[in-house]
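Here the protein sequences line up with chains A and B, keeping their order.
Sequence positions in the first sequence follow this note's numbering and run 1 to 250.
Sequence positions in the second sequence follow this note's numbering and run 1 to 250.
Keep in mind the hints are simulated off the structure, nothing from the lab.
Check each hint, because a few of them may be wrong.
Any copy, or any two copies together, can satisfy a pair, since identical chains are not distinguished.
Claimed, not checked - Here are the computed lysine-lysine pairs in the BS3-like style, where the Cα-Cα straight-line distance is at most 30 Å:
{"#": "1", "residue 1": "Lys197", "residue 2": "Lys89"}
{"#": "2", "residue 1": "Lys99", "residue 2": "Lys240"}
{"#": "3", "residue 1": "Lys123", "residue 2": "Lys64"}
{"#": "4", "residue 1": "Lys226", "residue 2": "Lys213"}
{"#": "5", "residue 1": "Lys24", "residue 2": "Lys65"}
Protein chains: 2
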Amino acid sequence: MANKKEINAGIIIIGNEVLSGRTKDINTSSIALWLNPLGIHVKEARVIADDENIIIDTVNIFRKKFNYVFTTGGIGPTHDDITAESIAKAFNVEYGFHKDAFSILEGYYKTGEFTEGRQKMAKMPTNASLILNPSSGAPGFYIENVFCLPGVPSILKSMLGGLNNILVGGDPVLSKTLNLRTVESEIAKSLSDVQNKNNDVEIGSYPFFRAGKLGVSIVLRSTNQKKIDLCNEQILEFVKTKKIEILREI
Amino acid sequence: MANKKEINAGIIIIGNEVLSGRTKDINTSSIALWLNPLGIHVKEARVIADDENIIIDTVNIFRKKFNYVFTTGGIGPTHDDITAESIAKAFNVEYGFHKDAFSILEGYYKTGEFTEGRQKMAKMPTNASLILNPSSGAPGFYIENVFCLPGVPSILKSMLGGLNNILVGGDPVLSKTLNLRTVESEIAKSLSDVQNKNNDVEIGSYPFFRAGKLGVSIVLRSTNQKKIDLCNEQILEFVKTKKIEILREI
């Protein structure tokens, strides 16, 4: 069976709070883990400042470079939320109240509570499609291949499922992880030999310290389960020969 | 007192494991938090694949664009550790055994344990300066303004302090955080007014959910403490008028 064309994605994390170190980005991981079974590979992620020109430039580079682009952050009601307007400028389209977004928010808030501050969350490219928000009302949006999501991790996660039927993926990326009680230098040569014999499987080797003990996670990734299994057998062979303890196989 | 020139930095996270979502990047945060008091502002972070051409291109873009560049990941002993060789290619310098790195590693391991696999960790640009590793022996290195650190967060953190006297920073970035029991839309307009009156202070507004309750963190950042204090007073004024509860002031 021929492989489908590889479908890829880029992620743009918009937020000074990540660059200042105050906030650790977990949205890249959430988006990537959601995309893997859809057969969409994240190829690059950038963390950029809340700066209009930088947002416009990065979005315009990414939307040509990748099949899908996901932005996170900057779509709330405050002065530092400039993503929606920047996206409109990147696409050179009208920015203003989005009719459906306005209706959704109007319905979400009690009479009198849909204040000017909250109304700002209905402003976006007027021709955008909405991404519904089951957590807190305010929708995200997409234009062409650029999907704009909020920065709050729990809200972002709750919105991803609504996009499953809109994205068109390739073959899902499958993976297998072997956790070994060893150090990388002990297995480097054998692992390198296995990688050379299995070009279609991406073999990653990640040392870890857990509960004061050293170990290595070996991660096999491919769109082809049989190739992963073959690669795994070859690794288990040298693991056995070297009498390395297997901590976990998933 | 005139401000010193702003000194900036870019971070390159090298690792398929971050792009696959398996690993959440916390090194960006560690590096940024360490750089803030040194007066070095992180302007951009990129997560890129373990791919030689991508590493070379990104390093060459970043080393011209930023005063300092930090890379993390890919300097271990396995086949997927290609950072050191890629950096040598980016600078077009010789890649091979680094004399001092070799001595350090030779001294670190017991006789007979400094295997071929481990020796690879002494391979890097031969003219690089070393970054000592108090955790696990294998040093990082730097050439010109590019500093190459390991990906394992605890080891990376243990190595940063050794660079404090090598980096030349600007005015340290100071910050103040106000956690309020409110929602962003309630304060958006007032906060925007304060931002307009205080151009030298970067005001960030970050909604949070904690223990089932909504709140907003307002973060003021500037190199000038007096300007932060003035801005803070103006915020406390509208907080008082709106009868918003202050959860924490740090």
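Hint by hint, here is what the structure shows:
| no. | hint | verdict |
| --- | --- | --- |
| 1 | Lys197 to Lys89 | between (48 Å within a copy, 26 Å between copies) |
| 2 | Lys99 to Lys240 | neither (64 Å within a copy, 35 Å between copies) |
| 3 | Lys123 to Lys64 | within (25 Å within a copy, 37 Å between copies) |
| 4 | Lys226 to Lys213 | neither (32 Å within a copy, 48 Å between copies) |
| 5 | Lys24 to Lys65 | both (26 Å within a copy, 24 Å between copies) |
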